[in-house]
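**Q** Chains as they are written, first to last, in my numbering: chain A, 1 to 243; chain B, 1 to 218.
These are calculated hints, taken from the structure and not from any lab test. Where a beta carbon is used, it is the ideal one built from N, C-alpha and C, also for glycine. Treat each hint with caution, since some may be false.
Stated by the list, open to error - Covered stretches of chain B, going by a simulated chain A footprint (3 or more residues, C-beta under 8 Å):
(1) 153–165
(2) 169–178
(3) 186–200
(4) 209–217
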Amino acid sequence: MASIWEYANPRKFIRTTDVVLPWVTAAAVLCLVVGLVWGFFFTPEDYRQGSTVKIIYLHVPSALMAINGWLMMLAASLIWIVRRHHVSALAARAAAPVGATMTVIALITGAIWGQPMWGTWWAWDPRLTSFLILFLFYLGYMALWAAIENDDTAADLTSVLCLVGSVFALLSRYAVNFWNQGLHQGATLSMDKKENIADIFWYPLLVCMAGFILLFLALVLLRTRTEIRARRMRALLARERLG
Amino acid sequence: MIALLIRDLKLALRAGGGFGLGLAFFLIVTVLVPFAVGPETGLLARIAPGILWLGALLACLLSLDRIFALDWEDGTLDLMATAPLPMEAIVTLKALAHWLTTGLPLVLAAPLFGLLMSLPGEGYLWLVLSLAIGTPALSVLGTFGAALTVGLKRGGLLLSLLVLPLYVPTLIFGAEVARRGAQGLAVEAPLLLLAGITCGSIALLPFASAAVLRVNLR
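Just chain A, with the same shape it has in the complex (with noise of 0.2 Å):
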């Protein structure tokens, strides 16, 4: 029975990913411009919202793996932690700037529709809040990996930021709820809601929520084949220069 953590070997990782990687890309591709024709061309405009109603299939999906990108990043830290597999450090690596982006666009586009439907770019709404604080993490999260040379020490110190910035952003989130009362609506799609947004833009939603999540998979396998292959050219040169 192969393990999942067959995967923690680099070279393995590099193997399988050369195979799974132009299906993932070619899938996200798919899915976004499938998601994405079909909700900007195809679905009716909002009655009330117009046509603003449709940058929903950016917004939503962006903020998603904004969030669910900074998760990917304490399950791979957490992992590094207790297993040190030097895979799972490189793509907590890998992920922060992805994660980055993906909560800038969220933010943007959130900006781009609260101007004609709010009459403003930006509230301090704790949706928004907690937000910006999640980018000001990532961006703490993305300096310390530059800032130390030694990538042992930087992954070991990485990881624990990340565990410590979790709980922090969480404590944030709901520290802004209590701090300010909201603009933004409540959540478009819940589980255990009756009511949720009609099917009609529901689906192309979906299609573009899968998108997002493989385009950060595909992203982020990328960028951590790319952090595995430099790492490799360093240690190639250290030797040379030893040799």
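For this one, chain A is given, so just place chain B on it according to the hints.
**A** Here is chain B on its own, set in the frame of chain A:
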């Protein structure tokens, strides 16, 4: 343990320790604010709790890189690490020393600065109380940030980038206590949450700080 605490306090208090620096910074921030927003008493009174909390937070941040930097440079930290004292105790003591030399003076001086900001009369008690409860969390969090960046050249800017997001919940609840207190509203809920954050930070963060310090000393 006591000896270590006393040593740190002495180092901070004597010349070159930068003891009064945080206080002076707090004073300057408080003095600059009216220049920036205008001397109108009503406005100042309204923003006073927030500004005072922000000033205290920044003053606290200013002195963070001193927690470990000097001991790191002359190798004292390595000696402490090999001493029988557990690393968790060392970082807790460091945080305590930082709070005694930075947080506590800020708490004690806060009423005076409140006066400068024309804080309403009922606000003083809550301002001091919220700072007294909240600043230990700032010191403990800051010790974690200082432990993360101890080995780095030019760690100061990175330190603030790492620590300031962690300060958000403390700042929100602390400033909320002070604001509600100044307006004569009920303060129990934010006060309890603030105390909860402080207790949680003191209980858990020394382990994280000790872990990263061990990595940095490896």
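**Q** Hints first: check each against the structure and report whether it holds.
**A** Verification of the supplied hints:
1. As drawn, the stretch 153–165 of chain B meets chain A at 6 residues by the rule of a beta-carbon pair under 8 Å; at three or more, the given contact holds.
2. With 4 residues having a Cβ less than 8 Å from any Cβ of chain A, the stretch 169–178 of chain B passes the three-residue criterion, so the hint holds.
3. Closer than 8 Å: that is the beta-carbon criterion, and the stretch 186–200 of chain B has 4 residues meeting it against chain A, so the requirement of 3 holds.
4. Interface restraint, the stretch 209–217 of chain B with chain A: holds (4 residues with C-beta to C-beta distance below 8 Å; minimum three).
The structure agrees with every numbered hint stated previously.
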